[in-house]
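*Asks:* Given the coordinates of chain A, assemble chain B onto it according to the supplied hints.
Here are the chains, one letter per residue:
2 protein chains.
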Amino acid sequence: MPRYRLTIEYDGRPYNGFQAQAAQPSVQGAIEAAVKAFTGQQIRIAAAGRTDTGVHATAQVVQVDLERDWPAQTVMNALNAHLMREAVSVLDCAVAPEGWHARFSANERRYLYRILNRPAPPALDQGKVWHMKKAMDADAMHAAAQALVGLHDFTTFRDMACQSKSPVKTLDVARVSRVGDEVHLVFEARSFLHRQVRSMTGTLAEVGVGRWTAAEVRAALEARDRTACGPVAPADGLYLTGVGYEGE
Amino acid sequence: MPRYRLTIEYDGRPYNGFQAQAAQPSVQGAIEAAVKAFTGQQIRIAAAGRTDTGVHATAQVVQVDLERDWPAQTVMNALNAHLMREAVSVLDCAVAPEGWHARFSANERRYLYRILNRPAPPALDQGKVWHMKKAMDADAMHAAAQALVGLHDFTTFRDMACQSKSPVKTLDVARVSRVGDEVHLVFEARSFLHRQVRSMTGTLAEVGVGRWTAAEVRAALEARDRTACGPVAPADGLYLTGVGYEGE
Numbered sequence: 001m002p003r004y005r006l007t008i009e010y011d012g013r014p015y016n017g018f019q020a021q022a023a024q025p026s027v028q029g030a031i032e033a034a035v036k037a038f039t040g041q042q043i044r045i046a047a048a049g050r051t052d053t054g055v056h057a058t059a060q061v062v063q064v065d066l067e068r069d070w071p072a073q074t075v076m077n078a079l080n081a082h083l084m085r086e087a088v089s090v091l092d093c094a095v096a097p098e099g100w101h102a103r104f105s106a107n108e109r110r111y112l113y114r115i116l117n118r119p120a121p122p123a124l125d126q127g128k129v130w131h132m133k134k135a136m137d138a139d140a141m142h143a144a145a146q147a148l149v150g151l152h153d154f155t156t157f158r159d160m161a162c163q164s165k166s167p168v169k170t171l172d173v174a175r176v177s178r179v180g181d182e183v184h185l186v187f188e189a190r191s192f193l194h195r196q197v198r199s200m201t202g203t204l205a206e207v208g209v210g211r212w213t214a215a216e217v218r219a220a221l222e223a224r225d226r227t228a229c230g231p232v233a234p235a236d237g238l239y240l241t242g243v244g245y246e247g248e
Numbered sequence: 001m002p003r004y005r006l007t008i009e010y011d012g013r014p015y016n017g018f019q020a021q022a023a024q025p026s027v028q029g030a031i032e033a034a035v036k037a038f039t040g041q042q043i044r045i046a047a048a049g050r051t052d053t054g055v056h057a058t059a060q061v062v063q064v065d066l067e068r069d070w071p072a073q074t075v076m077n078a079l080n081a082h083l084m085r086e087a088v089s090v091l092d093c094a095v096a097p098e099g100w101h102a103r104f105s106a107n108e109r110r111y112l113y114r115i116l117n118r119p120a121p122p123a124l125d126q127g128k129v130w131h132m133k134k135a136m137d138a139d140a141m142h143a144a145a146q147a148l149v150g151l152h153d154f155t156t157f158r159d160m161a162c163q164s165k166s167p168v169k170t171l172d173v174a175r176v177s178r179v180g181d182e183v184h185l186v187f188e189a190r191s192f193l194h195r196q197v198r199s200m201t202g203t204l205a206e207v208g209v210g211r212w213t214a215a216e217v218r219a220a221l222e223a224r225d226r227t228a229c230g231p232v233a234p235a236d237g238l239y240l241t242g243v244g245y246e247g248e
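Residue numbers (UniProt numbering), protein chains in the order written: chain A, 1 to 248; chain B, 1 to 248.
With the rest of the complex left out, here is chain A (with noise of 0.2 Å):
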């Protein structure tokens, strides 16, 4: 029975996040029946990371067990033809090798924040950014995220709702900059707890706008108190633009 490893691309807004619920729509569920409409088999996959409700991904990756030993090409296009009615899309298929999984083989995961920022609202990219109308610094915002970089509690940084053991983490990259009219924030990290992207965004946000300092920042961290936090980002900017593998 082969395990494929997928990377995947959506659009998150249709779906209620990336796990399947009951009869809530989802990334997961979406590829689980392209695949039973494909082979008929109903499986369950696995993901390097569960996004939640409106995140985008640019590069998710997903194992898919299949009874039978197909091209991976096949299955890539097979696959694809049954999502056209999705915002899913199979971006590159191969066969894993041998004790691969797409979770509990992951050592990096990457996530995008996008915020638009300039007066207008977006036209184009309405839910796909977060609409920031007050000018930011974004060399503000870079050098406070470099607090949050090394091993950390992030308590202050967590969901309530967060079933990690540990708040305990090791966030190796935080950078910021300008794109344009927009400022990306982009996160590295062996893993991270529920909502810490969105949590770090939209602390660093009022760095960018003059309302905290970095020292501020800093203290929130310190204060390991999810109650220090600043206000959560909104899930429209968020995307997971990649996942790393050991010995890759």
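It is possible that some hints are incorrect.
No copy labels: a pair is met if it fits in one copy or bridges any two.
The list that follows gives simulated cross-link-like pairs (lysine to aspartate or glutamate, DMTMM-like), each with its CA atoms no further than 25 Å apart [to be verified]:
id, residue 1, residue 2
1, Lys128, Asp92
2, Lys133, Glu182
3, Lys128, Asp181
4, Lys165, Glu246
5, Lys134, Asp92
6, Lys36, Asp69
7, Lys133, Asp92
8, Lys128, Glu182
9, Lys36, Asp52
Calculated directly from the structure, the hints in this document are not laboratory data. This one's a predicted model, so the numbers in the text were calculated from it and none came from an experiment.
*Replies:* Chain B in isolation, oriented as in the chain A frame:
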């Protein structure tokens, strides 16, 4: 009665083109309704380019004549508030100089055409790009496009329904380049014929996938015959990206 110059962004998908038509949603209709909601005035606006159904704009220019002398900032904010449920956004607003006309004073229109060139269909950019599975040679497209630059009779690249008096136009710029997974075509001219950009793009795409040579593009132009044109590219990937005015 001050005339305002507005720079407008829109997603073309929900609209039957820029121009207002009875009982059809249009970009013009959306803006005119916003003006009515803001000022009570029932006016007709004019635009630099009348884009077709499904064609997008990142910087269309329109003129709005108001009875009262509002600050430009107030006009922009009020119209954006009334456009909240539309896919139209006012990026900039300024009082126009005496004698300026959004359409007749324009001496350059700039268009971008985005082709998504990868095996997988678009999930995040559905309706925003033209999807071409087969690998395209952007350099060959660029070379072939140079035959179109300059003063020519563009009958081959003109829709049968085009109402322009003459098919003779000067194409100032035709530039094709690869940008990651996409092939971008940029065209600049004082004015374009109806469907000219999509006709040129579809023809150059044939060069990109190796079905046409540069010499065949030149021969098609010289034929001055609509039936010599390649396939017409869909509206999805087309963006009006800017308008130039005399003395700027």
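*Asks:* Each hint: holds or not?
*Replies:* Here's how the hints hold up against the structure:
Taking the shortest Cα distances, Lys128 and Asp92 sit within 25 Å of each other both inside one copy (23 Å) and across copies (21 Å). In this assembly of identical chains, Lys133 and Glu182 lie within 25 Å of each other by CA distance solely inside one copy; the values are 11 Å within and 30 Å between copies. For the identical chains of this complex, Lys128 and Asp181 are neighbours both inside a copy (14 Å) and across copies (19 Å), given an alpha-carbon limit of 25 Å. With identical chains, the CA atoms of Lys165 and Glu246 are at most 25 Å apart within one copy only, with a shortest distance of 22 Å there and 65 Å across copies.
Taking the closest pair of Cα atoms, Lys134 and Asp92 come within 25 Å of each other only across two copies (15 Å); inside a single copy the shortest separation is 39 Å, beyond that limit. Taking identical chains as interchangeable, the C-alpha atoms of Lys36 and Asp69 lie at most 25 Å apart only when both belong to the same chain, with a minimum of 15 Å there against 63 Å between chains. For a Cα distance limit of 25 Å, the shortest separation of Lys133 from Asp92 across copies, 13 Å, qualifies, whereas the shortest one inside one copy, 37 Å, does not. When the C-alpha separation of Lys128 and Glu182 is checked against a cutoff of 25 Å, the pair qualifies both within a copy, at 12 Å, and between copies, at 19 Å.
For the homomeric pair Lys36 and Asp52, the shortest alpha-carbon distance inside one copy (24 Å) is at most 25 Å, but the shortest distance between copies (40 Å) is not.
When held up to the earlier numbered hints, the structure conflicts with none and fits them all.
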